[in-house]
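Novice: Sequence:
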Amino acid sequence: HFIFPFIALCIVFIHIFFLHLQGSSNPLGYDTALKIPFYPSLLCLDIKGFNNVLVLFLAQSLFGILPLAHPDNAIVVDRYV
1 HFIFPFIALC IVFIHIFFLH LQGSSNPLGY DTALKIPFYP SLLCLDIKGF NNVLVLFLAQ
61 SLFGILPLAH PDNAIVVDRY V
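full-length UniProt numbering puts the first residue of the sequence shown at 1, with every later residue one more than the last.
Hints were generated in silico from the structure; no laboratory data involved.
A quick note: this is a predicted structure, and the numbers were derived from the prediction, not measured.
Heads up, the beta-carbon is just placed ideally off N, CA and C, and yes, glycines get one too.
It is possible that some hints are incorrect.
[Stated by the list, open to error] Computed beta-carbon distance windows for the label pairs: (1) 81 with 9: 42 to 50 angstroms; (2) 77 with 18: 34 to 42 angstroms; (3) 64 with 3: 20 to 28 angstroms; (4) 50 with 2: 33 to 41 angstroms; (5) 37 with 5: 41 to 49 angstroms; (6) 51 with 79: 40 to 48 angstroms; (7) 70 with 4: 44 to 52 angstroms; (8) 11 with 44: 36 to 44 angstroms; (9) 47 with 80: 17 to 25 angstroms; (10) 49 with 7: 34 to 42 angstroms; (11) 4 with 78: 36 to 44 angstroms.
Please work from the sequences and hints to get the whole structure.
Specialist: This is the structure:
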């Protein structure tokens, strides 16, 4: 349960690596000289998207926990009660 997200992330990185290694292709087998190279443009878009998700995750983790928590957890504990 704890390890599965890390395994899934590794599989995603391996998938993106092999997808970008081969380049774009047509599943019907039609070969054309107008192929779109993945390396310079789409790799930058992948990194940009990963950074956007990371920033949103960190913003939620660091600043958004209290609005999602139960209000009873914000009550200050009185030791003498």
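Novice: Which numbered conditions among the earlier hints are violated in the structure presented, ordered from lowest to highest?
Specialist: 2, 4, 5, 7, 8, 9 and 10
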